[in-house]
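Enquirer: Chain by chain, the residues:
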Amino acid sequence: MIPFLEVLLALPFLAAALLALLRPRSRAAAAWVAGAAPLLGLAVLGWLTPSVLQGWIVRGEHAWIPQIGLDFDLRLDGLAWMFAGLVLAIGALVVLYAHYYLSARDSAVRFFSYLLLFMGSMLGVVLAGNLLLLLVFWELTSISSFLLIGFWTHRQDAREGARMALAITGGGGLALLGGVLLIGRIVGSYDLDAVLASGELIRDSALYPWALGLVLAGVFTKSAQFPVHFWLPHAMAAPTPVSAYLHSATMVKAGVFLLARLHPALAGSDLFFYLVSGIGAATLLLGAWFAIFQHDLKGLLAYSTISHLGLITLLFGLSTPMAVVAGVFHILNHATFKASLFMAAGIIDHETGTRDIRRLGNLRRAMPMTSALAVIASLAMAGIPLLNGFLSKEMFFTEALEIRGHAYMRLGIAVAALLYGIFGVAYSLRFVYETFFGKGPRALDREPHEPPRWMKIPVEVLVVLCIAVGVFPAFTVAPVLHAGAGAILGAAMPGYSLAVWHGLNVPLLMSLCGIVGGIALYFGLRRLFDLHAIVRGSLGWNVFRWNMDALYGLANRFTTRIANGSVQRSMLLLVLAALAAGVAPFVDSLGGGALPVLRAPSPMPLLGWFLWLVMVACTAWTIRLYRQRLLALLVVGGIGLMVSMAFVFLSAPDLALTQLLVEMVSLALLLLGLHYLPPRSPPERRPARRYRDIVVAAAAGLGVAVLAYAMMARDPSPDAASVEMLARSLPEAYGRNVVNVILVDFRGFDTFGEITVFGVAALIVHALLRRARMAPEKVMSGGPVKLPVPADLAQLLFPLTLTVSVFLFLRGHNAPGGGFIAGLVLAVPLLIQYVIQGAASVESRFGFDYIRCIGIGLVVAAASGAAAFLFGVPFLTSGHLELELPLVGTLELASAMGFDTGVYLVVFGGAMLILSMLGTIRPSRTTVARLGVIEPGQRSTRTGELG
Amino acid sequence: MELAMASAIGILTAAGVYLLLRARSFDVILGLTLLSYATNLLIFSSGRLVTGKPPVLREGMPAEPAYYTDPLPQALVLTAIVIAFAMTAVIIVLAIRSRADNHSDHVDGSRAEAEFQRREQLRHDEARLAAHAAELVAGNESVPAQGAVASPDREGRA
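Chains as they are written, first to last, in this note's numbering: chain A, 98 to 1044; chain B, 543 to 700.
Okay, chain A solo, but in the shape it has when bound (with noise of 0.2 Å):
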């Protein structure tokens, strides 16, 4: 069993990303590459459509997170299938269009790969067999339209009609999200499936008017419904392209559809009535009026499929079995001719180099071809018999008349009905009188001319269609209709007859009125006004405006409320916060509530004052010199040291090691830096500030204490994770050193984001440093002082280090040692030499790469990790394997030893690095610029050292 639907949808992804890697050179390459995703799923889905039109489901259901109910279901119904259908055969018109509209200095590669992302994520909203899928394609349309919207990044308009596209499309996805959270909360099931079939469950809920709001929400903000319209026709400011494909054929039929497939769901109560058809309405009539003032070619096309998706919206919004006929038939005939509007308006753009109707005139004589393929696909815009949008006007004619309902609501829709086929007429007569005849053009740049024969072919196409479809609508569309329409209705599917001429009745009458009236208003407004002076501004585009500058507004002045860039302010803030989060939870049980009781201390050793003694002296010396840096950092040293020294004491032999080794690196480093800042600190003149601080610092001391001691008194919990650890150490790690065992096997996962954590810090050091110039705060006059002793020292005490660091690193699984604490050992003698033979002598005999270093042991903690996957268990399983070795005798060897390796590397590499380079800072150049002067300059990539 081929999947064919998988394969369908990732035809898409699939070449956009192939576009976006092998970034073609030859712009035909790039788009033939485009043009095969949809050209090979119109085949696989002509495949599926005999099953399809016998009204089978082909389903692909995968798995993918079960526990939230998201399942990767893709499900393709009469529905699906003819959606699908337009996008793929749209998609490859608008493939080859778009190779003829975009100029040579537009990326070609770059275009394709976001149509072709769009045409992908439209599949999947349309295949979709799970609600939570649905909205995760339909994220990826509004993601998608985004960029192509903002395609031409260098322009203003472009940029914020994309903004402002993303900011409407994506808040009406969030209140999908909410609407189909709900739902699934009603029906306990995401399935398409389960969710049509609960319909009666659905409507019967106290839920269902906020679900079917929140629904409604998303649908509405994207078929561009009033009162959120005004982001389409902002959206023109997309390449013309994305305008017919997106913004007029697919995306904002995205709405639609998903009130379609949601039909049986969600329709049938009052408030689905009056809201959905009341909205539809509204947009119809606004869409329609607007469009017959606007200037610009796309912007009147815009306004105009405004209006016919509110015909759509009130058509499944009346619900009766032939409105919902109508709405499916209306999809298919808009999407065909209002791409090819779109279509040759960009090519009157194209030829023309404006799309103001005020410049444009009499295009026919320069244009015959192109001109007639547009008045063809004005008049079934406009709804003229025997083209198609007449079918699905007369459907629409008929059902306004037919509706249920209050008295007033059907005498408005049956005027509304009546409104929409006069501005129709109005506006595709402006459309195509002041572009095609009349007097112009005027102060054209060029000599308007046919374009390149390839461009005309998709408009041919789709006029054709409108054409066969208005004349024989039984032999084309039929089968599609009856599809679509089908899967909605189910068994409620009325007979119907796609004839052109069914006698002569009411509708035809209707029909035949807006044509007239749609001439008298057109021409009568000319006579009365002058239509080229109106210019009208946009309230909605204003509103979004004022209330985005507001939102910002609102939240600078949050932002420097929290924080005013002062650290200190900041510094305070942090600590009194944690303060009140410790103190917070004793205020309410204050009074109440008997002490636990508490364990008795443990007796305290001699060794153990002494180490408390030292330590809080140096802590006490500390705060009294702290102004002194040298020797404050010195004291501070004591305090790691008796750290370390607690650690010995108190069973952590591993963590005294540690420390022992970072308080040596830490010290080297903190003297780095003390040598490019001030030697003191100034002495503080304001005695509150101090007082204020030590009484927060007391009290954070303070809580911090009796949290310890609170903590130390109670008996540890006997189902601790640690007594797990303990009894797995052995048999399933293999390892005797439990904490080594934790670091690279329990939590390895952990330690591999430190490692990584790490290596970025050394990084960032790298970064900020490798470029700079300074001059350090004191330079001591006369050469370096020779060390002769030490040096030697050094030499013979090197691979002594070498030798400990490699043999603490291989028993650090069983005892004391491993990769932490054996790559600080490795990086102190090497330090050792640092200070006393100075960087260029040691890196031009070691000649370490730290970068390369840090990168090599994290590729190898990865790959061990991942080594786990080829036995078949997770990342970081351990393996074991003893070896016998000759002279070393048994070695264990435990498959952690490889992460551990990782850690080495990362460890020696990153502290290396950071010290090298805070070694080796370059000094500033002049006197003049002392301080503060960073120039670009040729360093060592390796090391940052001199070249």
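Watch out, some of these pointers could steer you wrong.
With a straight-line Cα cutoff of 25 Å, these simulated DMTMM-like cross-link-like pairs (lysine to aspartate or glutamate) come out [what the hints assert, rightly or not]:
{"no.": "1", "chain 1": "A", "residue 1": "K875", "chain 2": "A", "residue 2": "E781"}
{"no.": "2", "chain 1": "A", "residue 1": "K536", "chain 2": "A", "residue 2": "E448"}
{"no.": "3", "chain 1": "B", "residue 1": "K595", "chain 2": "A", "residue 2": "D812"}
{"no.": "4", "chain 1": "A", "residue 1": "K875", "chain 2": "B", "residue 2": "D643"}
{"no.": "5", "chain 1": "B", "residue 1": "K595", "chain 2": "A", "residue 2": "D393"}
{"no.": "6", "chain 1": "A", "residue 1": "K875", "chain 2": "B", "residue 2": "E655"}
{"no.": "7", "chain 1": "A", "residue 1": "K875", "chain 2": "B", "residue 2": "E606"}
{"no.": "8", "chain 1": "B", "residue 1": "K595", "chain 2": "A", "residue 2": "D816"}
{"no.": "9", "chain 1": "A", "residue 1": "K536", "chain 2": "A", "residue 2": "D393"}
{"no.": "10", "chain 1": "A", "residue 1": "K875", "chain 2": "B", "residue 2": "E662"}
{"no.": "11", "chain 1": "A", "residue 1": "K536", "chain 2": "A", "residue 2": "D627"}
{"no.": "12", "chain 1": "B", "residue 1": "K595", "chain 2": "A", "residue 2": "E821"}
{"no.": "13", "chain 1": "A", "residue 1": "K536", "chain 2": "A", "residue 2": "D446"}
{"no.": "14", "chain 1": "A", "residue 1": "K875", "chain 2": "A", "residue 2": "D889"}
{"no.": "15", "chain 1": "A", "residue 1": "K536", "chain 2": "A", "residue 2": "D646"}
{"no.": "16", "chain 1": "B", "residue 1": "K595", "chain 2": "B", "residue 2": "E606"}
Beyond 12 Å from chain B on every Cβ pair, some chain A residues (computed) [stated by the list, open to error]:
{"no.": "17", "residue": "W307"}
{"no.": "18", "residue": "F655"}
{"no.": "19", "residue": "V792"}
{"no.": "20", "residue": "S814"}
{"no.": "21", "residue": "P815"}
Please keep in mind that the hints were generated in silico from the structure rather than gathered at the bench. Even for Gly, the Cβ is constructed at its ideal location relative to N, Cα and C.
Following the hints, put chain B in place on chain A, whose structure we already have.
Expert: Frame of chain A, contents of chain B only:
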């Protein structure tokens, strides 16, 4: 022993927080160092204070909590120590660059430094004026010292 450890942690925290609230970058870094000692000891002591039972399994002893101290806090603290080193490195480099770029090692940057210098200058001037006044008082008893000296200073401050 628990009391001693808790008090040590508290004292380290208090000293660390005090230094953290200072205005100069190096002092803040020292404060962070002290705070990280305190935090590491706090996490470590969550495994309780046990002497002579390192968590390295020995032959003939069952792998049970009665015979070994808690290894988990130790593993947490071990990485914390190493990460604290990396963090200190990043901060000190930031401090150095801030010192070079802002011509000041004040944590709030050059504007705070200018404010500090202004206040120092004011203090300096006040002291000089006071000394001058004292001289005048010593030389000529008839000059009313306090009022004459204080008023220009108050204007200067405004």
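Enquirer: For a quick check of understanding: which of the numbered hints are violated here, in increasing order?
Expert: 5, 7, 14, 15, 19, 20, 21
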